[in-house]
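Please model the complete structure; the sequences and the hints are all you need to start from.
Chains as they are written, first to last, in full-length UniProt numbering: chain A, 1 to 300; chain B, 1 to 300.
Rather than coming from a laboratory, the hints here were simulated on the basis of the structure.
Be careful, since some hints might not be right.
No distinction is drawn between identical chains; accordingly, a pair holds when it is met within one copy or between any pair of copies.
[To be verified] Straight line, CA to CA, 30 Å or less: simulated DSSO-like cross-link-like pairs of lysine-lysine: (1) K53 to K271; (2) K108 to K129; (3) K234 to K108; (4) K161 to K53; (5) K108 to K271; (6) K190 to K129; (7) K253 to K53; (8) K274 to K149; (9) K274 to K48; (10) K129 to K262; (11) K190 to K262; (12) K234 to K283; (13) K283 to K202.
Protein chains: 2
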Amino acid sequence: MFGVTILGNNSALPVFDRHPTAQIVTLNDQLLLIDCGEGTQMQLSQYKIRRSKINHIFISHLHGDHYFGLPGLINSYGLMSREADLHIYAPSALQQILNLQFEAANTKLPFTLHFHSLPAEGIIVEEDKFSVTCFPVQHRIDCWGFLIKEKNKPRKIDKNKITQYNIPVTAFDKIKMGEDIITNEGETIKNELLTLPGKTPKSYAYCADTLYQENIASHFQNATMVYHETTYLKDLEERAALRFHSTTVQAGKIAKLANCEKLLIGHFSSKYEKLDEFLIETKEVFANTQLAIEGVTFLV
Amino acid sequence: MFGVTILGNNSALPVFDRHPTAQIVTLNDQLLLIDCGEGTQMQLSQYKIRRSKINHIFISHLHGDHYFGLPGLINSYGLMSREADLHIYAPSALQQILNLQFEAANTKLPFTLHFHSLPAEGIIVEEDKFSVTCFPVQHRIDCWGFLIKEKNKPRKIDKNKITQYNIPVTAFDKIKMGEDIITNEGETIKNELLTLPGKTPKSYAYCADTLYQENIASHFQNATMVYHETTYLKDLEERAALRFHSTTVQAGKIAKLANCEKLLIGHFSSKYEKLDEFLIETKEVFANTQLAIEGVTFLV
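Below you can see the structure in the form of structure tokens.
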């Protein structure tokens, strides 16, 4: 499973029961948290998400609506006697803020918190099954986008070829490991002849908050799904630019430029109660668009 | 109206849809906010409380469950173009934390934020109709209690005496101002003879988080209502002491020692789903006790 669960889809001012930015990326049994607005720990409970499975937290930038829920989440991990290491990737000033908060509360965490300062070059997480890359987007303050990529999936045994070459079951493990097979007759059969390509690895890009900037698309060319902020509808393009935000149409253009399959839009301004228009406008530019509705999981 | 509206009644770990500590004290048209756990701004919206009427915020101590909602609330005030001054009374380390957060976000607030460092001696707020005093309670880190006192209310005209002394209506304003009256015959009638005492001023004391400590009762003798934390039921007195918290029975004893009329209990540990037992146990010691239920306003 590779999916994105929305915990908060609103811009800075929480209204209409919409929360500030936070989302969970599920990669099989691992959860990644991207941004952590105020109330994220309550949203995790609300949607019954197992917070103990989160080992990596990514904070795009230090506007409060993207990280004010982080100190509370970390504290709660402490109270729940978490033992596993926790990795935080965020602009460096956050480390000082957290340290001051821990110091003021005389907090001793029962687990190790690894703070990784952004900016960082290229790949910031490298795991067996996925990697995370960070890239700059353009906002009023330093802000980062993230690209989560599955690694190449193993090739699958081709049953037809197994029959054709009369390969015994005992050799299957070797084939799965990518090895060539030597038959009883001493003939070498290349692994590629016995297998089919694995599933295409998928990828998910996250861009919020950001001004409309065509060159960011180069960082996630051909990503399966991209989340791009749409703080405003298209008629407020000027206001969006002034505030270093984007519109519906602009998000659609970025998804198109990056040649993505799917687009997820969010970070809606608190001036809008209804969101229908966001979907309509974005779809005019990029048909395969979905609204980032809280509590919903979108498959990458 | 002098009342207390509960926004959060839970201890540090938010569970069972209970929130970390925050409460609004309403004094006629003024609102005071005491503590500001994560999600307070959402709770203010939830219970339709006019946040623009809050001019004073009191933070008892720097455990996160008592202030992690403050940066978000201040930010939202900025986004909502608040202009009125805002006064914060809190341990001094909070000022540094807030300043770092503002700096990291390049935040320029459109209003003046006055930070008043605790500890402070005695009266910390002196307004026309009320005052707020702070006093030390005992917790793992420096922690303060608050006592909010109405000022003496003006004496009321005694209708019987008005008739008896044949006082004309035109003199009523003078009487209300506390002046004596000189009759046409040149006789001086003392104001006290024509008036009855005004309503007894009420007062509300707030004590959380705190170890059971009998001497804190001296700071709010005869207060109308006291809020005292009851993190644990009485069987966990030892654990309460170890963690610098109190039990039901202990809260009841404090209310009794201080000769209060009413007791409000809260800051319930996340280990308890149901709260009934808190009320039963506390009432055994102090009958006029109420559970601090979220969203409910308790008249002082």
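Item checked: Homo-oligomer pair classification [K271, K53; C-alpha up to 30 Å] -> Cα proximity of K53 and K271: across copies only (22 Å, versus 35 Å in one copy).
Margin query: One pair to classify: K190 and K262, alpha carbons no more than 30 Å apart. Within, between, both, or neither?
Written below: Neither, since 36 Å and 84 Å both go past 30 Å.
Item checked: Alpha-carbon proximity context of K253 and K53, limit 30 Å -> Neither: 35 Å inside a chain and 44 Å across chains, both beyond 30 Å.
Notebook entry, point to check: Are the CA atoms of K108 and K129 at most 30 Å apart within a copy, between copies, both, or neither?
Noted result: Close neither inside one copy (32 Å) nor across copies (43 Å); limit 30 Å.
Check: Between copies, within a copy, both or neither: which fits K129 and K262 at Cα up to 30 Å?
Finding: Close inside one copy (22 Å), not across copies (60 Å); limit 30 Å.
Next item on the list: Check K190 against K129 for me: Cα-Cα at most 30 Å, and say if that holds within a copy, between copies, both or neither.
Entry: within (25 Å within a copy, 90 Å between copies)
Check: How do K274 and K149 come out at 30 Å by Cα distance, when the copy is not named: within, between, both, or neither?
Finding: So K274 and K149 fail the 30 Å test inside a copy (33 Å) and across (45 Å) alike.
Notebook entry, point to check: For K274 vs K48, is the C-alpha pair at or below 30 Å within one copy, between two copies, both, or neither?
Noted result: both (26 Å within a copy, 20 Å between copies)
Notebook entry, point to check: Should K283 paired with K202 be assigned to within, between, both, or neither, using CA atoms and 30 Å as the limit?
Noted result: Intra 22 Å, inter 60 Å, cutoff 30 Å: intra-copy only.
Notebook entry, point to check: For K161 vs K53, is the C-alpha pair at or below 30 Å within one copy, between two copies, both, or neither?
Noted result: neither (40 Å within a copy, 76 Å between copies)
Margin query: I want to check one pair: K108 and K271. Are their C-alpha atoms no more than 30 Å apart within a copy, between two copies, both, or neither?
Written below: between (41 Å within a copy, 21 Å between copies)
Item checked: Alpha-carbon proximity context of K234 and K108, limit 30 Å -> Close across copies (28 Å), not inside one copy (48 Å); limit 30 Å.
Hints 2, 4, 7, 8, 11, counting from the list given before, are not met by this structure.
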